[in-house]
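2 protein chains.
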Amino acid sequence: MENDHLSKKILKMVKKAKLASRRVSLIETSVKNEALKQMASALLQRSTYLIKENTKDVNEARRQGYAAALIDRLTLNEKRVKDMAQCLIDTATLPDPVGEQIKVFKRPNGLLIKKVRTPIGVIGIIYESRPNVTSDCIGLCLKAGNAVILKGGKEAIHSNLAIFSVVKDVLKSTKIPVDAIQLLPSAGRQALKIFLKQDQYVDVVIPRGGEGLIRFVTEHSHIPVVKHYKGVCHTYVSDHADIKMAFDICYNAKVQRPGVCNAMETMLVHHKIAARFLPDMISKFMDAGVEIRGCPVTRKIIKKGIKKASRQDWSEEYLDLILSVKVVDDLQGAIDHINTYGSRHSDAIVTRDKKEAEEFLRSVDSACLYVNASTRFTDGYQYGFGAEVGISTDKLHARGPMALEELTTYKYEVYGTGQIRE
Amino acid sequence: MENDHLSKKILKMVKKAKLASRRVSLIETSVKNEALKQMASALLQRSTYLIKENTKDVNEARRQGYAAALIDRLTLNEKRVKDMAQCLIDTATLPDPVGEQIKVFKRPNGLLIKKVRTPIGVIGIIYESRPNVTSDCIGLCLKAGNAVILKGGKEAIHSNLAIFSVVKDVLKSTKIPVDAIQLLPSAGRQALKIFLKQDQYVDVVIPRGGEGLIRFVTEHSHIPVVKHYKGVCHTYVSDHADIKMAFDICYNAKVQRPGVCNAMETMLVHHKIAARFLPDMISKFMDAGVEIRGCPVTRKIIKKGIKKASRQDWSEEYLDLILSVKVVDDLQGAIDHINTYGSRHSDAIVTRDKKEAEEFLRSVDSACLYVNASTRFTDGYQYGFGAEVGISTDKLHARGPMALEELTTYKYEVYGTGQIRE
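Protein chains in written order, with the numbering used here: chain L, 165 to 586; chain W, 165 to 586.
No lab work stands behind these hints, which were simulated from the structure alone.
Just so you know, not all the hints are guaranteed correct.
Since the list can't tell identical chains apart, any single copy or any two copies may satisfy a pair.
What the hints assert, rightly or not - With a cut-off of at most 30 Å between alpha-carbon atoms, the simulated DSSO-like pairs for lysine-lysine come out as follows:
{"#": "1", "residue 1": "394", "residue 2": "361"}
{"#": "2", "residue 1": "267", "residue 2": "278"}
{"#": "3", "residue 1": "279", "residue 2": "267"}
{"#": "4", "residue 1": "394", "residue 2": "357"}
{"#": "5", "residue 1": "279", "residue 2": "180"}
{"#": "6", "residue 1": "467", "residue 2": "518"}
{"#": "7", "residue 1": "468", "residue 2": "448"}
{"#": "8", "residue 1": "518", "residue 2": "182"}
{"#": "9", "residue 1": "220", "residue 2": "336"}
{"#": "10", "residue 1": "201", "residue 2": "179"}
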């Protein structure tokens, strides 16, 4: 598509979305919930069609020789379509955040000030591979009273178009304007570049993905960005740890589902406990097929089967059965390592020492910190927030699981009786 | 300064600030408060020096023929130095936001989740003219546990350097690292451009200023931005207004202090009330020296002394005794005008009709909305928040008065007893 033509098309899209967002912001909860439930039904009804369209993407990915993990994330089947529908139903049952009074206070001059939760406006979501993100995010954004513009990866183009068309059809018979949901033309990065300049019409853009995507969005966006970056998650096993508990937590954090952002990528171990803890732990990991990349001390303790960890390993999100292991001098060594190489996502300490735990919680600069629990709990459902658009690794506006509440902003509504400034 | 040399210098600055921010985040409240009070004393003691340095800026501004309003904003005197000291003392007496438990909840699996307020890290503040911003923002950022990097305008360079050096001297005798406050070299936009790429070290940048500055920062920043943009504030006088109240509110909003961002710039009037309201109101404005720029209907009602409002006028922040006036068809006309031409800052309605007021509050997309009160109340002190770094016109992270709480973020601290994901 020619650049100028593409620009005009995108400008038209975002203007329509902005107008639609004003209408969505005023729609009653029951209407939004009903629409979400109808979308769920439609996805189930059109399941065969969705899977057929998805097969085109999967076949193409196979032809291109994509990794098995990516093909798995891309694939839709009956179960996954059911999960997508369920996510919409769950979102419908969550309380509506719009209109919530966050704070109400009265000033000495009689002014009554209400801090009230309101929709953000137009939300852009840029994501890769998983097609379920399309319907999940449409449901969450609409429920929070926003319009949403989606841009999926080109590897999932047929799947995303199919899901989008099914869901959009439902909107036609509701009070929600169809322009409230839009799909950005998948003309690669060119369309994205133009889109990211539309700060007059788009209020926030949420990129979910790896280094390349996040960097591109950060560099080109004039729209405020809430990044959902990689998870380089750590577990630090203190010399005050309950060894049995450390075993279970580390194993769970690495092995239970290695392909997700809250899985552990680096295990840090206090030097005093390393010789006692590491041999059994690493042998258990190896039995599960985990490849270990260790620091020099680790490789002294375990002589066989451990690769050398490079500096690059400490900031690597493997998303796979690979684990880097480092022996540290003390708590401060662990904190410094995480603050230097981590991605500010989720990190855990295993310790029986409460003071040490508090020090870890205060000093590690990450969204979600755990004492004696697996990093795998960083998740909207696990926190009781319901569905989420993802995990924010940013510090502004939203940090950690980004669910309905984080898809809103607030305004101050001030009630007077003629007050003026002296 | 050569570009490469400047880049290295700025990189060194931001790295130091990042390291310092980790230490500031852990400093006890009493130490921070004591430091702020000492800064206040030092400013008062060095008052003569500060005013002498400021005179250099003021003289230069006069030589350059700057507007009287700008020279007024730039000028320091005994009273204004006292106000600066008082702002630091006020900030010291405010509760420390760091460590506040925003929410505490327990999950069915026994996990105890605390959402805890924490410092943001390194905050960049880009501002123009007023030298008091230097000490106000240093006080607020330190109190909230952050490091701060300041970039004032070149017109205030001597004043800012003087204030900064007095305050920095105080830090040397406290536990707060001196690197926690830094002044960006005033090598014009070149330094700013380099600074805005340091997203690895700087967590947020807050530009306070006009169109040019805000546009520059938005376009060049890789760091998250919270914009403090102009205030194109409206008052809508409904046909259900108490006329006497509308008089007082509109007069106050325009005349009491026209040079600030929460002053009214456009008055909207319902057509049914225009002929009754406008003649007296406008004559009162004219008596106060206000220049009126009216829409065609306004100019039909008031035949003399009213300039024609151009389309440009509707989005103009005059910061002066100038007012644009428009007669609208109804509430929806007022809402549409504000959402189209406003700057999402502060807008008011004068009405006795509660339903109409609610409609206005829900539909106008601005940070602070008033029913029967002057827009001039948008201010951290007036809201009871204490001092503020400014008024955010953005929707993400902070909206409206940005005070101590808005200079923090949060993290989730999760306490387990060995929980793992099934």
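Is it within, between, both or neither when you check residue 220 against residue 336 at 30 Å Cα-Cα?
Within one copy only: 27 Å inside a chain, 66 Å across chains, cut-off 30 Å.
Within a copy, between copies, both or neither: which one fits residue 279 and residue 180 at a CA-CA cutoff of 30 Å?
within (29 Å within a copy, 37 Å between copies)
If the cut is 30 Å between Cα atoms, do residue 279 and residue 267 qualify within a copy, between copies, both or neither?
Answer is both; intra-copy 5 Å and inter-copy 17 Å each pass.
Since the copies are identical, ignore which copy is meant and state whether residue 201 and residue 179 lie within 30 Å (CA to CA) inside a copy, between copies, both or neither.
This pair counts as within: shortest intra-copy Cα distance 28 Å, inter-copy 50 Å.
Please sort residue 267 with residue 278 into within, between, both or neither, judging by C-alpha distance up to 30 Å.
Answer is both: 6 Å inside a copy and 20 Å across each meet the 30 Å cutoff.
Could you place residue 468 and residue 448 in one of the four classes (within, between, both, neither) given a Cα distance threshold of 30 Å?
within (14 Å within a copy, 90 Å between copies)
When no copy is named, should residue 467 and residue 518 be tagged within, between, both, or neither for a Cα gap of at most 30 Å?
Answer is neither: 34 Å inside a copy and 78 Å across each miss the 30 Å cutoff.
Checking residue 394 and residue 357: alpha-carbon separation at most 30 Å within a copy, between copies, both or neither?
Classified as both; 22 Å inside a copy, 27 Å across copies.
Tell me, please, which holds for residue 394 and residue 361 at an alpha-carbon limit of 30 Å: within, between, both or neither?
both (24 Å within a copy, 20 Å between copies)
Go through the copies and call it for residue 518 and residue 182: within, between, both or neither, with a Cα cutoff of 30 Å.
Result: close only across copies, 28 Å inter versus 50 Å intra.
The structure shown violates just one earlier hint, number 6.
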